[in-house]
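Undergrad: The chain contents come next:
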Amino acid sequence: MDDSMYQQNDSAEHHQPSGIKRWLYTTNHKDIGTLYLGFSLLMLFVGGAMAMVIRAELFQPGLQLVEPNFFNQMTTVHGLIMVFGAVMPAFVGLANWMIPLMIGAPDMALPRMNNWSFWILPFAFAILIGSLFMEGGGPNFGWTFYAPLSTTYSNDNTALFVFSVHIMGISSIMGAINVIVTIFNLRAPGMTLMKMPMFVWTWLITAFLLIAVMPVLAGTVTMVLTDKYFGTSFFDAMGGGDPVMFQHIFWFFGHPEVYIMILPAFGIISTIIPTFSRKQLFGYHSMVYATVSIAFLSFIVWAHHMFTTGMPLAAELFFMYSTMLISVPTGVKIFNWVATMWRGSLSFEVPMLFAIAFIVLFTIGGFSGLMLAITPADFQYHDTYFVVAHFHYVLVTGALFSIIAAVYFWLPKWTGHMFNIRLAKTHFWLSLISVNVLFFPMHFVGLAGMPRRIADYALQFADFNMIISLGGFAFGLSQLLFVWCVVQCFRGGEKVPAKVWDGAEGLEWQVPSPAPYHTFATPPEVK
Amino acid sequence: MSQHRPLLKRLIITSVLMFGFAFALVPLYDVFCQVTGLNGKPSMEKAKVSESVDHTQQVAVDFLTHAKEGAPFKVTTESRRLTVNIGEMNKVSFIASNLSDKDRVFQAVPSVSPGLAAQYLHKVQCFCFEQQPLKANEKIEMTLLFYVDEALPAEIEEMTLSYTLFDITDKI
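Protein sequence lines correspond, in order, to chains U and E. Residue 394 in my numbering is what sits at position 390 of the first sequence, and the numbering runs on without skipping anything. Residue 227 in my numbering is what sits at position 130 of the second sequence, and the numbering runs on without skipping anything.
Listed next, with one range per pair, are the computed distances between beta-carbon atoms: (1) Thr148/U to Ile109/E: 25 to 33 angstroms; (2) Gln384/U to Lys143/E: 37 to 45 angstroms; (3) Val70/U to Tyr126/E: 35 to 43 angstroms; (4) Thr148/U to Lys145/E: 42 to 50 angstroms; (5) Val50/U to Ala121/E: 30 to 38 angstroms; (6) Lys143/E to Pro65/U: 51 to 59 angstroms; (7) Gln228/E to Ala466/U: 48 to 56 angstroms; (8) Ile109/E to Ser237/U: 26 to 34 angstroms; (9) Glu254/E to Tyr233/U: 41 to 49 angstroms.
FYI, nobody ran anything at the bench for these hints, they're computed from the structure. For every residue, glycine included, the Cβ atom is placed at its ideal position computed from N, Cα and C.
Start from the sequences and build out the full structure, keeping to the hints where you can.
TA: Dropping the structure here:
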């Protein structure tokens, strides 16, 4: 058997093209995972540069650096890039790398589709970013592209925005299909569903959410396209349409979308916390059921984004209570993580630091979400910086911190080297402090009434905005340390054993470090 | 590959169906709003005349008109606010003028706020039932006949009937 395995490896290496073709033609899940992660890191910096433009303009009241129209393009494209270009591809990249290793599969189930789903992404973002440099400029209606801003009042490049969202959607759907087929068909013998690692579970549910709502997003942008260019009236009252209906259809996609961006994060944290607490995850079953209930509830809460559109009282109450209900399964998760750490033999390696920061800061974002869910209070908070503070706490200190934690956790497995721990810890502490300087004061200016998405603000917000901008610049610069740390780790460093972390469990730690190009050609036995 | 095909097929079909579902949401939304009367869209059908008048209960009705951006019309009324008896027929006169030098046609689209009140405001005659052709710089008088249903919940003490004017000359 050993002989045949070696032969297989040999023949695979013979067929492997080198240079750029290796990456263009690759169907290897590890290569594609690396491509996804590299691409999302690049997009993180492109979107981050746009955030720096926004914060530089808001450093002082008045207009200094950019035109309001360009400012609006920056907020729009920053949002689109961070959601569809940074967070989602990073999770897909982690799924590609880790799911086959975690379930003992030789590769993803549909490797050619896997190659395709990655390689259409750069085109989507080239179209989107390219529109910024064209006459008329890029999209300027916010990443939520509410009608009639995106139909009646948008510029002629809106078609480019629509097509790039179509391509992103197709890419996500193909990625999700691949994940589901892999998990259902390629699990190692003995790995029942309830023995799967939490990361695999959360990704399975995320993939179902993606298949359910990404097509709805594609439908929404298609309606915007035909309304704008082909004379239909889905969202135009003149032709019998309804602009409020846009918001209903958009948020029917949009709310499950926010769980698409946080469920894999829950899986990552549920992997890291037990490792460095040297205990089993507390309440594995309740974790699985909590994830399923969050996914289910995400479909019946969408109108909490629309409390101020003049819904009747009954609807406002329904969406308020159903939204608050989500805090129950989420609370179960937070409780389980804390209970896992309780009386564990804790050690504070870099992934663990990010994971603990995730729990604390994500909970802050969860609580501000609860405040926003209170309908009468939301009339005050709606469209202010309080909302901006809320979703950045859940997306930056939530999703992004979990991605960084995951990269530090599995980077030694990918490269075979330990990263520079001192540098990584510096990165952590700088990020932790600056991210709070950046986002925490946004709560205050938001409660005091500073509206979001506007290039200027009233004078009384000047001091806080200067502090926020300084935090923003510091957070942006701190991420350069992350890149440095990752690049260094690829180049070399202290060799690590197969089981990098002594408390780690799972099949991925049974393969050598760095993980060979082909793993689990014969499926492992799971007891 | 062959072992994956059935599942793959089902997942692709689901994605296509969900794409269709986005479009199915459009008629579903209209049906939902019609059944529940939630979105303030008043009926565009001629209502029957009410049979009785309740002199004890009154409700204030405000009238608003505004032309959509670029629509060269103005519609005004002398009675901006009426306090009406429940069930009593009321007549309101509106003056519509074409501000441009060309013959135009407009369509008025009514909306009632609060949304729940829409189903209790019955229009027996309304200029919004028809398209209104106006010659260049022409002024015409138009009539609205309406009454408020007896079933109006007591907590609604005032309502607003708003008309948005659309220029539909090019769309006929």
